[in-house]
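**Student:** As a plain string of letters, each chain reads:
2 protein chains.
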Amino acid sequence: MNSPKPYDPTGIQYYSIPSFLFNTGRSLPVRVAYRSFNSTLPRAVCVPTSEHSHINTTNNFTSGALKDYHVVVVAMLGNGESSSPSNTVTFPQPLYQDCVNASHELFTKHLNINELEAVIGFGMGGQQAYYWMCMRPDFVKSAVVICGSARTSPFNYTLLDGTAAALRSSAGYSIEKARQQGIELTAGLHGYGKVTCAWSTSSAWFKKELFRTVLGLETISEFIEMYDSAFKGWNAADLLALVKMWQLGDVGALRDDGSYVKALEDITGRVLVIASRRDYYFSPEESAIELNYLKLGTLEILETIWGHAAGTGACKEDSEQIDRMIATFLGYN
Amino acid sequence: MNSPKPYDPTGIQYYSIPSFLFNTGRSLPVRVAYRSFNSTLPRAVCVPTSEHSHINTTNNFTSGALKDYHVVVVAMLGNGESSSPSNTVTFPQPLYQDCVNASHELFTKHLNINELEAVIGFGMGGQQAYYWMCMRPDFVKSAVVICGSARTSPFNYTLLDGTAAALRSSAGYSIEKARQQGIELTAGLHGYGKVTCAWSTSSAWFKKELFRTVLGLETISEFIEMYDSAFKGWNAADLLALVKMWQLGDVGALRDDGSYVKALEDITGRVLVIASRRDYYFSPEESAIELNYLKLGTLEILETIWGHAAGTGACKEDSEQIDRMIATFLGYN
Chain A
1 MNSPKPYDPT
11 GIQYYSIPSF
21 LFNTGRSLPV
31 RVAYRSFNST
41 LPRAVCVPTS
51 EHSHINTTNN
61 FTSGALKDYH
71 VVVVAMLGNG
81 ESSSPSNTVT
91 FPQPLYQDCV
101 NASHELFTKH
111 LNINELEAVI
121 GFGMGGQQAY
131 YWMCMRPDFV
141 KSAVVICGSA
151 RTSPFNYTLL
161 DGTAAALRSS
171 AGYSIEKARQ
181 QGIELTAGLH
191 GYGKVTCAWS
201 TSSAWFKKEL
211 FRTVLGLETI
221 SEFIEMYDSA
231 FKGWNAADLL
241 ALVKMWQLGD
251 VGALRDDGSY
261 VKALEDITGR
271 VLVIASRRDY
281 YFSPEESAIE
291 LNYLKLGTLE
301 ILETIWGHAA
311 GTGACKEDSE
321 QIDRMIATFL
331 GYN
Chain B
1 MNSPKPYDPT
11 GIQYYSIPSF
21 LFNTGRSLPV
31 RVAYRSFNST
41 LPRAVCVPTS
51 EHSHINTTNN
61 FTSGALKDYH
71 VVVVAMLGNG
81 ESSSPSNTVT
91 FPQPLYQDCV
101 NASHELFTKH
111 LNINELEAVI
121 GFGMGGQQAY
131 YWMCMRPDFV
141 KSAVVICGSA
151 RTSPFNYTLL
161 DGTAAALRSS
171 AGYSIEKARQ
181 QGIELTAGLH
191 GYGKVTCAWS
201 TSSAWFKKEL
211 FRTVLGLETI
221 SEFIEMYDSA
231 FKGWNAADLL
241 ALVKMWQLGD
251 VGALRDDGSY
261 VKALEDITGR
271 VLVIASRRDY
281 YFSPEESAIE
291 LNYLKLGTLE
301 ILETIWGHAA
311 GTGACKEDSE
321 QIDRMIATFL
331 GYN
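So the protein lines, in turn, are chains A and B.
Using full-length UniProt numbering, you'd call the opening residue of the first sequence number 1 and step up by one each time.
Using full-length UniProt numbering, you'd call the opening residue of the second sequence number 1 and step up by one each time.
Please note: incorrect hints may appear among the correct ones.
Since the list gives no way to pick one copy over another, a pair counts as held whenever it fits inside one copy or between any two copies.
[Stated by the list, open to error] No farther apart than 27 Å at their CA atoms in a straight line, the calculated lysine-lysine pairs in the DSSO-like style are these:
1. Lys5 - Lys67
2. Lys262 - Lys207
3. Lys207 - Lys67
4. Lys244 - Lys232
5. Lys207 - Lys244
6. Lys262 - Lys244
7. Lys208 - Lys262
8. Lys208 - Lys295
9. Lys295 - Lys5
10. Lys316 - Lys244
11. Lys141 - Lys208
12. Lys262 - Lys109
Hints in this document: simulated from the structure, not taken from any laboratory.
The task is simple: from the sequences and hints, build the whole structure.
**Tutor:** Next up, the structure:
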């Protein structure tokens with residue numbers, strides 16, 4: 001769940017790659033933002049950021065399942081911490097391939113990490129975990145995909161297209177233009193936050209009015225405003241880059257034949273997929289289909305009304321369950 | 001389902017009310033747009049328009065269940081055909097109460113209709129049908145609520161708030177301002193169409209890719225564009241007025257004590273509620289709760305993956321089933 005906290009730069013470091021080759025063929029300097037926890041421990045785990053998280057708002061499991069690991073939280077390209085439209089002139093559309101390649105360079109050339117016990121990610125972070133398994137089978141032993149998928153479904157694509165349209169048609173999107181015209185710069189971001197608000201949990205969550213009982217708010221409007229205000233610190237062009245990367249998510253794109261099924265079948269490492277019963281973005285039904293193609297896949301389903309947000313850390317019970325699932329899974333490594 | 005058809009004015013007439021008293025207390029001249037079918041038949045039925053329909057894109061059942069009735073399709077205030085922000089300077093926010101009162105005046109003072117066999121509406125039209133039952137128990141014998149509710153749920157409210165935010169933050173919304181600045185006027189509408197696109201049917205509909213098999217389109221993008229382009233003829237301020245009316249939908253507002261339950265319990269006429277299994281706006285679960293309070297209520301559920309759009313006429317099988325349900329229901333009158 002998003003909530004309006006001031007940006008927290010604690011512990012964040014930047015690794016610069018002077019000439020990074022993007023998947024599209026363009027090369028340019030990029031920076032990769034990351035934070036290391038317990039860096040002296042021998043076994044390493046990568047936790048990529050998700051669609052709406054920064055490094056310090058990403059669940060890192062360092063006080064639970066990952067307390068005995070060197071955990072590196074890596075910011076996706078496009079999230080405003082690593083290189084992004086908001087901090088780089090004419091930044092190309094990043095893809096998951098680029099996020100994996102840039103992180104791999106950080107690990108091998110800077111952090112002297114030559115093997116990852118696991119990549120553990122939520123949402124877009126979960127999609128990155130699938131990409132890691134396909135792209136670097138000798139480097140990553142396992143993956144935990146929390147509320148994520150190996151391919152973005154048509155329904156998910158359509159949801160995302162709505163959020164992109166809200167941003168693109170907004171008065172605040174064209175920042176330079178808006179500045180010249182004196183239009184409020186955050187106008188588009190309010191469209192984005194409000195459009196995504198209903199999707200964040202589930203209809204059952206709203207029916208039970210957990211914004212009252214759990215969040216202590218009095219009205220639905222207060223909840224919408226709270227959720228929306230978490231995006232005030234975001235940049236519209238960054239969000240658009242992330243949405244596009246998400247829409248293009250498909251491990252089949254890693255193969256010449258484009259086969260998503262074969263890409264999944266070729267994964268040799270162990271994969272734990274944790275789906276949430278009422279997740280509108282990534283349904284358990286989609287996850288079950290993907291599991292059919294995995295050699296060493298396990299599917300766990302969270303029986304919760306928190307939907308996609310179950311993976312954000314917003315619900316204590318769900319978070320504890322996820323932590324236990326990860327601990328059990330890593331125990332087998 | 002919306003599709004990009006040119007506006008069809010066939011058979012539409014306008015009734016002018018020189019001084020119409022809005023629920024908010026303001027009086028001004030309004031026009032009510034309507035179309036009469038089989039006006040010589042003795043028994044009359046009112047079919048109000050829905051959130052995204054005009055008079056001639058509203059399912060009127062005149063070739064099926066209502067072939068032996070005088071059917072009057074009445075445009076909601078705010079839909080661009082009746083008085084609306086787009087055709088009236090400083091138009092107040094219309095409420096369902098206003099739609100019912102204006103239609104009642106049309107029936108009694110102009111069309112010489114002194115009793116309605118039924119009000120039959122889809123979506124926002126279904127909400128109007130509930131309001132009719134509460135406001136004019138001596139005038140309306142029964143109601144058919146298709147994919148609608150007596151009160152807008154918090155989840156539905158939040159979905160709607162997203163579409164409103166997309167419109168309000170859009171460059172195209174402030175028409176005069178946009179004209180001065182040369183911004184494309186329909187930009188905001190594209191946000192609206194694309195934001196609502198995923199909600200229109202269901203995740204199962206997208207999973208089965210009915211945009212291919214039923215609509216004959218090749219890609220999901222083509223479907224999104226088709227759906228979106230249906231809004232090119234709409235005005236952003238009109239859509240915002242309708243969204244707000246929908247958000248405020250609550251028959252409890254008709255009572256001093258605000259009790260939605262008592263308002264439902266006081267309904268004396270027969271009500272048929274037709275819900276659609278995967279309707280994101282109006283869930284069968286919500287309908288089942290409302291049914292508990294109705295003296296003479298019947299709930300039928302469409303087992304379809306067309307979600308809310310099942311009530312638009314987009315799916316032949318669903319439309320035929322709805323028609324049969326209405327015919328059976330009216331046979332009892």
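**Student:** Hints first: check each against the structure and report whether it holds.
**Tutor:** Do the hints match the structure? See the list:
Taking the shortest alpha-carbon separations for Lys5 and Lys67, only the intra-copy value of 25 Å comes in at or below 27 Å, while the best inter-copy value is 60 Å. Within a single copy, Lys262 and Lys207 get their C-alpha atoms only as close as 41 Å, which misses the 27 Å cut-off; across copies the closest is 20 Å, which meets it. For the identical chains of this complex, Lys207 and Lys67 are neighbours neither inside a copy (37 Å) nor across copies (39 Å), given an alpha-carbon limit of 27 Å. When the C-alpha separation of Lys244 and Lys232 is checked against a cutoff of 27 Å, the pair qualifies both within a copy, at 20 Å, and between copies, at 24 Å.
Taking the shortest alpha-carbon separations for Lys207 and Lys244, only the inter-copy value of 20 Å comes in at or below 27 Å, while the best intra-copy value is 31 Å. Taking CA atoms no more than 27 Å apart as the test, Lys262 paired with Lys244 passes inside one copy only; the shortest distance there is 24 Å, against 48 Å between copies. In the homo-oligomer, the alpha carbons of Lys208 and Lys262 lie at most 27 Å apart only across protomers (21 Å), although the nearest pairing inside one protomer, at 42 Å, exceeds that limit. Within a single copy, Lys208 and Lys295 get their C-alpha atoms only as close as 39 Å, which misses the 27 Å cut-off; across copies the closest is 26 Å, which meets it.
In this assembly of identical chains, the alpha carbons of Lys295 and Lys5 never lie at most 27 Å apart, being 41 Å within a copy and 50 Å across copies at closest. Taking CA atoms no more than 27 Å apart as the test, Lys316 paired with Lys244 passes in neither setting, with 31 Å inside one copy and 35 Å between copies. Proximity of Lys141 to Lys208 under the C-alpha cut-off of 27 Å is found in neither arrangement, the shortest distances being 40 Å within a copy and 34 Å between copies. For a Cα distance limit of 27 Å, the shortest separation of Lys262 from Lys109 qualifies neither inside one copy, at 31 Å, nor across copies, at 70 Å.
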